[in-house]
Amino acid sequence: MSGPSCYHCGDPAGSDAVEFDGHTFCCRGCRTVYDLFQSHNLEYYYELEQAAGKSPAAAEGAYDYLDDPEIAGRLLDFQDTRHQVISLSIPHIHCSSCIWILENLHKLNPGVISSQVDFPRKKARIHFNPELLSLKALVRLLADIGYEPSITLDDYSGSGEKKDRTLTYQLAVAGFAFGNIMFLSFPEYFESGEYWLEKYKVLFRWLMFSFSVPVVFYSGMGYLRTAWKGLRSGLLNIDLPIALGILTLFIRSTVEIIGDLGSGFFDSLAGLVFFLLLGRFFQQRTYAHLSFERDYKSYFPIAVTRIGEDGKETNVPVYEVAPGDRLLIRNNSLIPADAVLLSGTGQIDYSFVTGEARPVSKKAGDTLYAGGKQLQGPIEVRALREVSQSYLTELWSDSAFSGEARGSFRNFTDRIGKRFTLAVLTIATLSAGIWLTIDPGRSLDVFTAVLIIACPCAIALAAPFTLGNLLRIFGRNGFYAKDTNALERMAKTDTILFDKTGTISTTRQNQITYTGIPLEPREARVLKNLLRASGHPLSQTLYRQLEPLGIVPLEHFREHLGQGLEGGAEGHYFKVGSRGFVQDSEIPTGQVESAGAEVHVRTAAGYRGCFNIRNAYREGAAGLFGRLAPRYKLAVLSGDNASEKEALEALLPPLTPAYFNQQPGDKLHFVRELQQNGRQVAMVGDGLNDAGALALAEVGIAVSEDANLFTPACDAILDSRQFTRLDTFLDLTRKAMGIIRLSLALSLMYNAVGLWFAVTGRLEPVVAAILMPLSSISIVAFTTTATNWIGRKLDRSKTEINARG
Numbered sequence: 001m002s003g004p005s006c007y008h009c010g011d012p013a014g015s016d017a018v019e020f021d022g023h024t025f026c027c028r029g030c031r032t033v034y035d036l037f038q039s040h041n042l043e044y045y046y047e048l049e050q051a052a053g054k055s056p057a058a059a060e061g062a063y064d065y066l067d068d069p070e071i072a073g074r075l076l077d078f079q080d081t082r083h084q085v086i087s088l089s090i091p092h093i094h095c096s097s098c099i100w101i102l103e104n105l106h107k108l109n110p111g112v113i114s115s116q117v118d119f120p121r122k123k124a125r126i127h128f129n130p131e132l133l134s135l136k137a138l139v140r141l142l143a144d145i146g147y148e149p150s151i152t153l154d155d156y157s158g159s160g161e162k163k164d165r166t167l168t169y170q171l172a173v174a175g176f177a178f179g180n181i182m183f184l185s186f187p188e189y190f191e192s193g194e195y196w197l198e199k200y201k202v203l204f205r206w207l208m209f210s211f212s213v214p215v216v217f218y219s220g221m222g223y224l225r226t227a228w229k230g231l232r233s234g235l236l237n238i239d240l241p242i243a244l245g246i247l248t249l250f251i252r253s254t255v256e257i258i259g260d261l262g263s264g265f266f267d268s269l270a271g272l273v274f275f276l277l278l279g280r281f282f283q284q285r286t287y288a289h290l291s292f293e294r295d296y297k298s299y300f301p302i303a304v305t306r307i308g309e310d311g312k313e314t315n316v317p318v319y320e321v322a323p324g325d326r327l328l329i330r331n332n333s334l335i336p337a338d339a340v341l342l343s344g345t346g347q348i349d350y351s352f353v354t355g356e357a358r359p360v361s362k363k364a365g366d367t368l369y370a371g372g373k374q375l376q377g378p379i380e381v382r383a384l385r386e387v388s389q390s391y392l393t394e395l396w397s398d399s400a401f402s403g404e405a406r407g408s409f410r411n412f413t414d415r416i417g418k419r420f421t422l423a424v425l426t427i428a429t430l431s432a433g434i435w436l437t438i439d440p441g442r443s444l445d446v447f448t449a450v451l452i453i454a455c456p457c458a459i460a461l462a463a464p465f466t467l468g469n470l471l472r473i474f475g476r477n478g479f480y481a482k483d484t485n486a487l488e489r490m491a492k493t494d495t496i497l498f499d500k501t502g503t504i505s506t507t508r509q510n511q512i513t514y515t516g517i518p519l520e521p522r523e524a525r526v527l528k529n530l531l532r533a534s535g536h537p538l539s540q541t542l543y544r545q546l547e548p549l550g551i552v553p554l555e556h557f558r559e560h561l562g563q564g565l566e567g568g569a570e571g572h573y574f575k576v577g578s579r580g581f582v583q584d585s586e587i588p589t590g591q592v593e594s595a596g597a598e599v600h601v602r603t604a605a606g607y608r609g610c611f612n613i614r615n616a617y618r619e620g621a622a623g624l625f626g627r628l629a630p631r632y633k634l635a636v637l638s639g640d641n642a643s644e645k646e647a648l649e650a651l652l653p654p655l656t657p658a659y660f661n662q663q664p665g666d667k668l669h670f671v672r673e674l675q676q677n678g679r680q681v682a683m684v685g686d687g688l689n690d691a692g693a694l695a696l697a698e699v700g701i702a703v704s705e706d707a708n709l710f711t712p713a714c715d716a717i718l719d720s721r722q723f724t725r726l727d728t729f730l731d732l733t734r735k736a737m738g739i740i741r742l743s744l745a746l747s748l749m750y751n752a753v754g755l756w757f758a759v760t761g762r763l764e765p766v767v768a769a770i771l772m773p774l775s776s777i778s779i780v781a782f783t784t785t786a787t788n789w790i791g792r793k794l795d796r797s798k799t800e801i802n803a804r805g
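Our numbering applies: residue 1 is where the sequence shown begins, and numbers increase by one.
It cannot be assumed that every hint is accurate.
[Unchecked claim] Derived lysine to any residue pairs resembling SDA-like cross-links, with alpha carbons at most 20 Å apart: (1) Lys492 with Lys633; (2) Lys363 with Leu328; (3) Lys312 with Asp64; (4) Lys229 with Phe204; (5) Lys373 with Asp349; (6) Lys633 with Gly609; (7) Lys492 with Arg679; (8) Lys492 with Asp727; (9) Lys107 with Leu133; (10) Lys645 with Ala658; (11) Lys633 with His669; (12) Lys645 with Gln663.
Don't read these hints as lab results, they were simulated from the structure.
Produce the entire structure from the sequences given, and follow the hints as far as they go.
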């Protein structure tokens, strides 16, 4: 069944292969791109990686809206009469050859000034001369060479989030100050007695003071502000003792150098803030090139073709679509608003909206819902509602997307913060009270010493460093968590819900079986040509699966929408389609109950058989469910019908519930009911129909064939190739929480030793200088080593999966 592959894109060439220059191409588009590269001396593209290209797929007129100055102006980063700059998202960037060709666009068109690729974000920033190359022509050039940009409504609205670099700057300032203060503190540590060191000791102390000012009032301001807000709200969070420690260190150190009483604790102060910010950097670290927050604007086009009363076609921003507008929806384009079909053949794919994998046939007068994709040629529709009032966009009005449905999640550090803060303040107050009766002059020193040494820097570092390192390990293995809070919620999960289509099943292949009388070679050739003439997805699926056969002209062909095909050639006649369309009493009764989509075949001689097309479930899925079942409550929520119920039940552990025909709202309400019963829910899905459930669940995990392409709003993105290791990822989050608890015990041990020095009035600068950085460094070292050790389990599971495969 396999044939030659396309030299440009690597797809099967099929029966429509084009031979050129000694190579085979799947279509004339790939052949044209190859010729374009050759004529501009860019054939090195194919030496970087075989079959690295992408087949051109842009429809004629698809980018006419870019001629609108208003739309173009909203997309451009910079524009002048002879120089414009645009940043385009190009999902098909996947290897070194992609980068090479995109950064050599100027050789393909002199209108391109320069181009630069951001590979992790899959973006290209292109400078071009609008007098030589329009924006539309630039985008068309990219589409023609197989790198069609993704330009969506989200790009037009300009709602992209700008990167905040404040934390990076704060960390840099603290690190610079910490290094310099440590250098200036060496004379204080060693008391060498050198004349010039003793002479300039006061100057060194004031230099340390000057370095500490930006550390406190710039780098450490976030902790001071959070502690103050917590006090105003009546909350004692972990930032309060940190803020007290920072202020106490700074104030006491400043008093000491003003009164020439000592050098203070500026080194400990700078080290404390630096390590805290380093931990926060890990905590906030995420995958900037992935999108975890999406709504309908991430999928809709920014413009649509509107047909006026005079029949004139104009491209208008999708925001301007009003009820009653007549719209042209091109092949493979999304329907932007609820509408009624006026003309054309409607084959609508609602899989992103409902989860139903089979396209729906529509005729003139039928209602079409926003988010559906037209699969068979252009159609004309009349809008019934505005874009913002469509069925799809109403999904985002649910409280699940407001950020309030989950409630306020408090991480591990915050949960222990109140108790730790109360303990520190109590010990400091009691110690000061006792010293008031022993030596009133030392009471204040003891009070400040307790606040300094008990500053919970190690506790604050344990969670971000442990989970931050785990984020890195997971990302290396194809699991991309949004932040450390998502990992903490994963560790608490007790219920896991799975979508079926695209999650448990894979969209990369189907299982096709044939039951009945075998077809003769000439009959099979006629059947393949009959299927070739149809644009229906089931017809195309069968057409691709049948053996390569010669092309023969059909003598008769007719397609009955939603029913099947009939036609013939070379004296053979076929009816192909649903059981009702074939209408033959010879169809075995048992076949009616079979799982999957059925395509029945009948010839003039009578009924021949049935093709059964079933979703292919991911290899190893049964083993995954078997490993999860003892520890989690499992369920499957599918937008598909129940035709594959038996196959799915065979895959799942006994008594695992599976619910079919689940609309987006049904899934969302299912999650909400579980949460009301005290369950901690993880939702695993892939489509827009899962978006509500993914957003509402404690953890939403989106399974994606390509992590940089389609992903709904979620807390984590799981590479589909790593699906069977989901249990390992969950298990490691639980172990990571154990590491955090061990780190807490280690931190408390350091605090206990330090508190003994502070309470007994023996806290010397050198003791504080040693204990505070030592506790922070040891916690960082322990958590990093421990998470790397447990991360080895991922490598072992990968080896086991490869061995089984």
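Hints and how they fare:
no.: 1; hint: Lys492 with Lys633; result: holds, 13 Å
no.: 2; hint: Lys363 with Leu328; result: holds, 16 Å
no.: 3; hint: Lys312 with Asp64; result: holds, 14 Å
no.: 4; hint: Lys229 with Phe204; result: violated, 35 Å
no.: 5; hint: Lys373 with Asp349; result: holds, 5 Å
no.: 6; hint: Lys633 with Gly609; result: violated, 41 Å
no.: 7; hint: Lys492 with Arg679; result: holds, 10 Å
no.: 8; hint: Lys492 with Asp727; result: holds, 13 Å
no.: 9; hint: Lys107 with Leu133; result: holds, 13 Å
no.: 10; hint: Lys645 with Ala658; result: holds, 8 Å
no.: 11; hint: Lys633 with His669; result: holds, 17 Å
no.: 12; hint: Lys645 with Gln663; result: holds, 17 Å
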